[in-house]
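Student: Construct the entire structure; sequences and hints are all you get.
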Amino acid sequence: MDTKTIGSPALSLQEVTKVFGQGPSAVRAVDAVDLEVSQGEVLLIQGPSGGGKTTLLTMAGGLLRPTQGDISITGVKLNGLSDKQVSHLRLMTIGFIFQSFNLLAALTAQENVEVVVRLAGAGKKEARRTAAELLASLGLARRLNHRPVNLSGGEKQRVSIARALANNPALILADEPTANLDSARGREVMALLRGIAKEQGRTVLCVSHDHRIRDIADRVLWLEDGRLRQLQAVKDPVCGMSLDESLAPVRLVLDRETYYFCGVVCRAAFLERRNAHEPAGVPSSS
Amino acid sequence: MSSIALKNLWAEKTRFTITVGGVALAITLIVVLISLYQGWSTKITAYIDATGADIWASQKGSADMFHGFSAMSSATRDAILRIPGVQRAQPFVGRQVAFDLSGKDVHTFLVGYDPAAGVGGPVRIVQGRGVTSPGEMVIDRVFAKNTGLGIGDTAAILGHPLKVVGIAEGTNIFVYQYSFVDQGEARDMLLSQTIDNYEIVKVAPGADVQLVISAINVLPGVQAVSQDAFKELNRSLIDDTFLPIIVVLAVISLVVGTAVIALTIFTSTIEKAREYGVLKAVGATNGRLYRIVLTQSLASGLVGYAVGLLLAFGVMALVEQAVPAFLTATRLVDLALVLALALGMAVVASYMPVRRLISIDPAIVFKQ
Ligand SMILES: Nc1ncnc2c1ncn2[C@@H]1O[C@H](COP(=O)(O)OP(=O)(O)OP(=O)(O)O)[C@@H](O)[C@H]1O
Ligand SMILES: [Mg+2]
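Which chain is which? The protein sequence lines are B and S, in order. Residue 246 in our numbering is what sits at position 223 of the first sequence, and the numbering runs on without skipping anything. Residue 40 in our numbering is what sits at position 50 of the second sequence, and the numbering runs on without skipping anything.
Mixed in with the good hints, there may be bad ones.
Said to hold, decoys possible - Calculated lysine to any residue pairs in the SDA-like style (CA-CA distance at most 25 Å, straight line):
#, chain 1, residue 1, chain 2, residue 2
1, B, K147, S, A289
2, S, K357, B, N203
3, S, K(-3), S, L284
4, S, K33, S, Q86
5, S, K357, B, D248
6, S, K357, B, D106
7, B, K258, B, E222
Please keep in mind that the hints were generated in silico from the structure rather than gathered at the bench.
Tutor: Okay, here's the thing in structure tokens:
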């Protein structure tokens, strides 16, 4: 089941929907998402909080089954697999990177990586060597025997990247990998991920709020209200300035319509103009 | 995986210490109880062993030395001696007596023996000598310690002044100790010259013990049992009284020990739920995680066992100094049994944590 089908995209989602809860309180966290990520690609998915990014990533990593739709990883359909098979697929094909690092507190940096190599069946010696080499390649040769408490945030994230790479995964899934890092460390981590994708041919899917890391991605998609789409160029309705929707400094949602502004001044002007056309005191219905 | 288990244990030293302490106390109690039981069991029959008897004949209906009283005409002995296959039959004369020792009420199992016959006397004399004439007495070392009597001292038992001439060992059965006097004098004190309490029978080499027993049983008012059966009967003194208490205490200890491991491993599993979730997320199967929990449990059980064993030996050494009558015997097979119990506790204790592990959703790794 871990035979990678040649030519298949590293990750493919078809009509994937996840609904949490039932009845009127149900939340469509991910709504009919179609997505293909090819080998070696760095894809960044951005979107507002609660947009469904984590839910999408969790499903892509085989940790959550979709309510509807199909997910394939390196051509292997997750639907048809048992939990145990999915677990093995995760071990051999996917590397996870988390916002909060999720290292095992009682283990050293080297042991944290070693554990995953061992899970895949390697012997103790081989696992130690693989872990040491990986950590050294990420600049942590002198941190092998440090426990997570004694590592900085950036170092911890590099250990977790080493762990993610431990079994040569085709796909790396990262959820807000830079959120707990300062911007320099954040860029460093992203550059590292890009290098890994480009030099080692691995696919990286990263979800993040952080638009400072956009230039590192090959492609950026927008996930909002569970729907995935291309980023649009938008216009400030007042001054006519061209804006990127994810970067627009000010937004306003009125009647289910989103307006983007270059700043608060234009928004104020917009509201004023709108109120002039409306009966006083009822600003938001037309 | 096992290294994660051990490192987790080691990283939480306080919790580990509590677990080990709880298990160790349970193990200590169990080992001391078993050793005490074994001590009584072996010592209670040490005197019977030392007689070298093959068969004990008694008055019908009174089998052991402690619960009943057996008295038979000395003529029974002549009848037994006529049975083919009997090599020797010697009288056993003795019973428990209480007497006043400078205002204190003390008691001992007084045995009259025939030094010439060399049967039924003190098991091992460690100081002084054996009884050679009436008016002399050999007492047990523990009895000497408890009463303050020593060689040269005189005690009046049932109106007979008896001078201590020797101190013996192997005649302490915790509830009381054997004392030895001249057999003729014992008959005067306890019975009459024509009554024996038991007959200590030795069969000729090659004779069939069971056949001889059957033949003795035919004699009117007499019953006979083999040496082993007689020991078993006497052991029932403790099996009937102490064994149930020991079993109850041991079971309570086991339950408490198991609960301590279960609770500490369980709380640690809850606290580490996220880490277990991470392991699941990166592809560890449930089986791997069970092994971590089981290893922690077993390690706690094993270390607790080792510490408990040391404690038990310490406690027994201390108590034996403080209470001379205290008897313990620790057999390797019992230690192996207790080890099995400790490991069993660990396995049972890992049930709850394992249940908890199953319920951990690996998706928690993405939650903040
Ligand atoms: N296990 C769950 N049960 C119920 N609702 C959930 C669950 N997980 C997520 N949701 C809901 O699904 C929606 C999408 O959540 P998700 O965590 O995927 O968003 P996100 O884009 O990752 O947000 P953020 O940027 O804040 O991390 C939210 O409305 C959230 O409340
Ligand atoms: Mg999220």
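Student: Now, for every hint given, state plainly whether the structure supports it.
Tutor: Right, here's what the structure says about each hint:
1. A distance of roughly 21 Å separates the Cα atoms of K147(B) and A289(S); the hinted pair therefore holds under the 25 Å criterion.
2. For a cut-off of 25 Å, the pair hint linking K357(S) to N203(B) stands: about 14 Å separates their Cα positions.
3. Proximity of K(-3)(S) to L284(S) is assessed by CA-CA distance (about 14 Å); at most 25 Å being required, the pair is judged to hold.
4. Proposed proximity of K33(S) and Q86(S) is supported: the alpha carbons are some 17 Å apart, at most 25 Å.
5. Proximity of K357(S) to D248(B) is assessed by CA-CA distance (about 19 Å); at most 25 Å being required, the pair is judged to hold.
6. A threshold of 25 Å between alpha carbons decides the hint, and for K357(S) with D106(B) the separation of about 21 Å falls inside it, so the pair holds.
7. Between the alpha carbons of K258(B) and E222(B) the distance comes to roughly 38 Å, so the proposed pair goes past 25 Å and is violated.
Checked against the numbered hints given earlier, this structure breaks only hint 7.
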